[in-house]
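J.: Take a look at the letters that make up each chain.
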Amino acid sequence: MGGNLLANYGEAVAMILFGIGFSNLLLQKNLIKKIIGLNIMDTATYLFLAEKGYIAGRVAPIVVDNVTSVEAYINPVPSGLVLTGIVVSVSVTALMLSLTIRLYRRYHTLDMDEISTMLKKEDQ
Amino acid sequence: MEFIRNFPFFSILLSLGSGVLTSIMNRKVARLWNTFVLLAVTAMSAVLFVYMLGVGESYTFMMGHFPAPWGNEIRAGVLEAGMALFFCIVMLLSMKGGEEHIDTEIEETKVNLYYIMINLLLSSLLALIYTNDLFTAYVFVEINTISACGLIMIRQSGRTIEAATRYMIMSSLGSGLLLMGLCVLYDITGHLLMSNIKESIAYVYAQGTYVIPLVASIGMICVGLAIKSALYPFHTWLPDAYGYSTVSSAAILSSLVSKGYIFLLIKIFFRVVGFDIIVDTKIVNILFVFGLLGMIMGSVNAIMENDIRRMVAFSSVAQIGYIYMGLGLGTTFGIVASIFHVLSHASTKSLLFVAAAGLTDASGGSKRFEDLTGSGYRNPMAGIAFTMGACSMVGIPLFSGFISKMLFAEAAVQNSLSKMLPTLICLAISTVLNAIYFMKTVIRLYTPKSRKVKKTEAGEAAIVSFREHPLYNFTLILMIALNVLLGCCSQPIADWIISGINMFG
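The listed protein sequences derive, respectively, from chains L and F.
Counting from 0, one number per residue, gives the positions in the first sequence under numbering that gives the first Met the number 0.
Counting from 0, one number per residue, gives the positions in the second sequence under numbering that gives the first Met the number 0.
Heads up, some of the hints might be wrong.
[As the list claims (entries may be wrong)] Listed next, the in silico DSSO-like pairs over lysine-lysine satisfying Cα-Cα at most 30 Å (straight line):
hint: 1; chain 1: F; residue 1: Lys366; chain 2: F; residue 2: Lys439
hint: 2; chain 1: F; residue 1: Lys27; chain 2: F; residue 2: Lys95
hint: 3; chain 1: L; residue 1: Lys28; chain 2: L; residue 2: Lys120
hint: 4; chain 1: L; residue 1: Lys119; chain 2: F; residue 2: Lys109
hint: 5; chain 1: L; residue 1: Lys120; chain 2: F; residue 2: Lys439
hint: 6; chain 1: F; residue 1: Lys109; chain 2: F; residue 2: Lys27
hint: 7; chain 1: L; residue 1: Lys120; chain 2: F; residue 2: Lys109
hint: 8; chain 1: F; residue 1: Lys197; chain 2: F; residue 2: Lys281
hint: 9; chain 1: L; residue 1: Lys120; chain 2: L; residue 2: Lys32
hint: 10; chain 1: F; residue 1: Lys366; chain 2: F; residue 2: Lys95
hint: 11; chain 1: L; residue 1: Lys119; chain 2: F; residue 2: Lys439
hint: 12; chain 1: F; residue 1: Lys109; chain 2: F; residue 2: Lys95
hint: 13; chain 1: F; residue 1: Lys366; chain 2: L; residue 2: Lys119
hint: 14; chain 1: L; residue 1: Lys28; chain 2: L; residue 2: Lys119
hint: 15; chain 1: F; residue 1: Lys95; chain 2: F; residue 2: Lys439
hint: 16; chain 1: F; residue 1: Lys109; chain 2: F; residue 2: Lys366
hint: 17; chain 1: L; residue 1: Lys120; chain 2: F; residue 2: Lys366
Simulated from the structure, these hints should not be mistaken for laboratory data.
With the hints as extra help, turn the sequences into a complete structure.
T.: Shown next, in the form of structure tokens:
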């Protein structure tokens, strides 16, 4: 068990980072900190994927010097997934930031709880 | 007949492409084009559905020029085609029912943006239904979330922006878990196509290796999708998002967006992991408990609500609880009942939201119950439609809600005692609670006290005649017809669902 953990330390770090990001996104009151949490969480997933796709001693799958043997290259699929994931997380982050700007202009605070109390007051 | 097999691809591409095209149209053209796209996709899905019923077996469609283990695939069977058809019909009806509100509630320059979101939402729903590739499913889950967020915040007010932010936060949590689950699954199996993953998982599970990572990844996927479809403890964003957005958005969000995720989860159960392994890992039991909690708590919250739109929204929490309870039973009958409830809830909830909009309009725009008194007389068609929807939700025979409750009860009775009793008890309690808040509303609508026009805080209450809004009333009639159709033709529909599930395997 301990040996496995040491050999796969990259994956272990990715999982810990995922947990940190997840709890930040869930528990922080400040919207900007929430968005930072979101990005840590997404990046942890990419670290996990990159770690899984990497095979020690091999190079990126770009054919140079006519080496076409499969043995020479790492698995390219996880890298492709990481690229797709980055595109998705950039757009989600942009959307979250634009929402944050709108909320800040209206309520002059970044605190989600304060915004909720202000909304309740507006209703009465 | 080979040509018909291209229809899933055509319908996804048409709706995705028109999302881009709509950005350069003005609002009238955008609306026409959106109606055309919805009608075209409905027609294509209908043709495909009839064709699939005739063929009797599913097929996979290669996207691009790479064969199975590497390339991307679309897969269509009876259930997929029927679901696509049903989703398109409900979306079309919701759009038409809320068309007047779109014009009045959204800034004129932003109306075409609304149609972009609708087109993107349609394409992502279709892709979630048809895709055979897990990572494609993840990407379209995100597209679905972003366009749903757009639908909430297009009506600019503090409430909707806050609701959209909450929705994005919860959805991001869900997508993060889903993505991590998919990565671990990819890691264990080395595949992204559903059929290949299923083979590898069956092999890995039989070997007894990687059981803990497998269970963890299934757990992450289930919880991720449960958060996104607003299962009980994760529902906090839902009432605001449904209660304050424009009526078409609320109808589409409650009846389609959350159902897309549930359909994906059912697909993962059957096509990716295999239902036996899912039941064996006992993950369904967790969904079962939270489903039961949702059924009760959603209804209790709805009873305490003093705003008709928010009440209907809380009722959605209860209905999502029903669906997860059915999934949690861990039998094929439970799944059939859940899928039927997906259909029945989608048709009923869109009807309720659209009818509620008519009632609030007849009460000077106020959504509070005191102002709604007698509004069933002021807008007769909306009143009748709301009553019909309420009857269906409570479970009166002839309507779809009755059939889904009966299917749930039947599925529960076939289960072991430990799951049968809680299911039946919660079903009974939840039905009574449903009856309390829906009948309370219906009685309020037909209390004749303030039949005369009364001035409320929000504005003038007015009597709306039947002929004033022909499109709106026509849509309501169609929605009631759809509901009664589901309630009366339940046997063929249940047979269709069972044959679709068999095709999954």
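J.: Going straight from one Cα to the other, do Lys109 (chain F) and Lys366 (chain F) come out at no more than 30 Å?
T.: With Cα atoms ~25 Å apart, Lys109 (chain F) and Lys366 (chain F) stay inside 30 Å; holds.
J.: With the threshold set at 30 Å, check whether the alpha-carbon distance from Lys120 (chain L) to Lys32 (chain L) stays at or below it.
T.: At roughly 25 Å apart (the allowed maximum being 30 Å), Lys32 (chain L) and Lys120 (chain L) satisfy the hint.
J.: Would the hint linking Lys28 (chain L) and Lys120 (chain L) be met if the CA-CA limit is 30 Å?
T.: Cα-Cα ~19 Å, so holds.
J.: Lys95 (chain F) and Lys439 (chain F) were given as a pair; does the straight-line alpha-carbon distance stay at or below 30 Å?
T.: Cα-Cα ~28 Å, so holds.
J.: Is Lys120 (chain L) close enough to Lys366 (chain F), meaning Cα to Cα at most 30 Å?
T.: 18 Å, holds
J.: Verify the proposed pairing of Lys109 (chain F) with Lys27 (chain F), using a straight-line Cα cut of 30 Å.
T.: 12 Å, holds
J.: Under the criterion that the straight-line Cα-Cα distance not exceed 30 Å, is the pair Lys27 (chain F), Lys95 (chain F) satisfied?
T.: With Cα atoms ~14 Å apart, Lys27 (chain F) and Lys95 (chain F) stay inside 30 Å; holds.
J.: Does the alpha-carbon distance linking Lys120 (chain L) and Lys109 (chain F) stay inside the 30 Å limit?
T.: 29 Å, holds
J.: Holds or violated: are the alpha carbons of Lys109 (chain F) and Lys95 (chain F) at most 30 Å from each other?
T.: 18 Å, holds
J.: Check the hint pairing Lys120 (chain L) with Lys439 (chain F) against an upper bound of 30 Å on the C-alpha distance.
T.: Distance ~28 Å between Lys120 (chain L) and Lys439 (chain F) Cα, so the pair holds.
J.: Verify the proposed pairing of Lys366 (chain F) with Lys119 (chain L), using a straight-line Cα cut of 30 Å.
T.: 16 Å, holds
J.: Verify the proposed pairing of Lys366 (chain F) with Lys439 (chain F), using a straight-line Cα cut of 30 Å.
T.: Status holds; Cα separation ~15 Å.
Of the hints listed earlier, there is not a single one the structure fails to meet.
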